[in-house]
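Using the sequences and the hints given, assemble the complete structure.
The chain contents come next:
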Amino acid sequence: MDTPDQRLFDADVASAEFRAGALKGYWGLAGAGILPEQPAWPMRVLWIAAASRPNAPDRYYVRLDLSNYRTVAPTGTFWDPSTKDTLDLAKRPKGRSNSRFAMVFRTDWEGGRAFYHPYDRVAAQGHTNWPGEQPSLIWDSNHTIVDCLEEFHSLLNCGDYLGL
Amino acid sequence: MADEELELYIHSQGAKPKIAVARPHEVLRDVLVREEIIRQGQDDVLIFVGEWDEALTEADEIEDGEDRHDPVDVLVTVEVLELRRHRHVHVHKCRRVRVEINFNGQTKHHRFSPATTIAVVTRWARKKFRLDGAAGAEYVLRICKTDKQPRPSEHLGELVSAPACAVCFDLVKEITPQG
Numbered sequence: 024m025d026t027p028d029q030r031l032f033d034a035d036v037a038s039a040e041f042r043a044g045a046l047k048g049y050w051g052l053a054g055a056g057i058l059p060e061q062p063a064w065p066m067r068v069l070w071i072a073a074a075s076r077p078n079a080p081d082r083y084y085v086r087l088d089l090s091n092y093r094t095v096a097p098t099g100t101f102w103d104p105s106t107k108d109t110l111d112l113a114k115r116p117k118g119r120s121n122s123r124f125a126m127v128f129r130t131d132w133e134g135g136r137a138f139y140h141p142y143d144r145v146a147a148q149g150h151t152n153w154p155g156e157q158p159s160l161i162w163d164s165n166h167t168i169v170d171c172l173e174e175f176h177s178l179l180n181c182g183d184y185l186g187l
Numbered sequence: 033m034a035d036e037e038l039e040l041y042i043h044s045q046g047a048k049p050k051i052a053v054a055r056p057h058e059v060l061r062d063v064l065v066r067e068e069i070i071r072q073g074q075d076d077v078l079i080f081v082g083e084w085d086e087a088l089t090e091a092d093e094i095e096d097g098e099d100r101h102d103p104v105d106v107l108v109t110v111e112v113l114e115l116r117r118h119r120h121v122h123v124h125k126c127r128r129v130r131v132e133i134n135f136n137g138q139t140k141h142h143r144f145s146p147a148t149t150i151a152v153v154t155r156w157a158r159k160k161f162r163l164d165g166a167a168g169a170e171y172v173l174r175i176c177k178t179d180k181q182p183r184p185s186e187h188l189g190e191l192v193s194a195p196a197c198a199v200c201f202d203l204v205k206e207i208t209p210q211g
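First to last, the sequence lines map onto chains A and B.
When we follow my numbering, the leftmost residue of the first sequence carries the number 24, and every step to the right adds one.
When we follow my numbering, the leftmost residue of the second sequence carries the number 33, and every step to the right adds one.
Once the Cα atoms are required to be at most 25 Å apart in a straight line, the calculated PhoX-like pairs of lysine-lysine come out as:
#  : chain 1 : residue 1 : chain 2 : residue 2
1  : A       : Lys117    : B       : Lys205
2  : B       : Lys140    : B       : Lys205
3  : B       : Lys159    : A       : Lys47
4  : B       : Lys125    : B       : Lys180
5  : B       : Lys205    : B       : Lys177
6  : A       : Lys107    : A       : Lys117
7  : B       : Lys159    : B       : Lys177
8  : B       : Lys50     : A       : Lys47
9  : B       : Lys50     : B       : Lys125
10 : B       : Lys140    : B       : Lys159
11 : A       : Lys47     : B       : Lys48
12 : B       : Lys159    : B       : Lys205
FYI, nobody ran anything at the bench for these hints, they're computed from the structure.
Laid out in structure tokens, this is it:
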């Protein structure tokens with residue numbers, strides 16, 4: 024039987040905001056061609072489209088831990104569809120030096136196991152200064168998976184994204 | 033196949049978008065009534081379809097420009113309105129949304145269609161304030177006198193209500209997480 028957090032996540036994946044973005048090719052749940060089935064809850068694998076860059080993929084996969092979804096922020100990192108494991112640091116998307124992109128997707132913090140962003144609970148828990156500095160990006164139960172996907176999709180499609 | 037159901041995204045003022053399922057031969061008004069978006073006989077709303085980005089082609093020297101997005105006839109079918117292509121339907125009392133954007137002591141104005149996304153307004157603002165390219169990527173819109181930064185996919189129509197039909201933004205540099 025599905026847990027309340029899983030039902031809430033499933034409802035958000037069925038929402039107009041998620042579906043409209045999926046229709047545009049911005050994001051989606053990893054399909055059967057990548058994974059026969061999604062990992063056991065609270066883990067989910069999603070993909071996010073990225074701007075075209077030489078020798079870089081047109082999408083990146085992320086594996087998120089969605090425990091207590093919506094009450095608690097997700098956490099996770101990039102995932103490799105070929106090895107079905109965490110993406111090697113060398114294969115992570117790279118950004119312009121000192122840019123916001125480079126900071127959010129940094130690999131020199133926590134071994135690259137979480138995103139350096141207020142929407143990631145591991146990062147948020149360690150940064151009590153962030154609520155004062157970035158109040159609009161502090162996760163609360165009004166946020167959904169679409170907020171995460173839009174934020175990372177925007178970064179992966181901005182001018183600071185350099186490729187691999 | 034020709035009569036295949038399609039998913040529409042219905043946007044209304046001050047509300048989250050909803051999904052409606054429609055068939056090509058259905059009259060749009062009937063779809064909106066069935067989904068309880070409008071009432072039978074209601075004629076005080078305007079219906080726009082699609083997502084509008086006309087402002088992005090506006091010449092830089094134009095001040096206080098206005099989009100030309102016309103509302104559609106709600107008695108026309110889903111097929112004739114090409115909603116398989118457009119997908120988004122906006123139900124609104126505002127014909128235009130008057131947007132004011134402040135940056136670096138300057139203010140720019142434009143009257144946008146309610147079917148304009150925040151992503152388009154942001155690109156328009158970066159262009160008007162000459163923040164194009166990678167340097168402009170970190171500038172985002174924040175609603176004036178708040179800490180709210182609407183998501184790029186939100187539409188202006190979801191943020192405003194009649195009769196004001198207006199919103200003010202500050203163009204701000206997004207903070208890079210640190211510490």
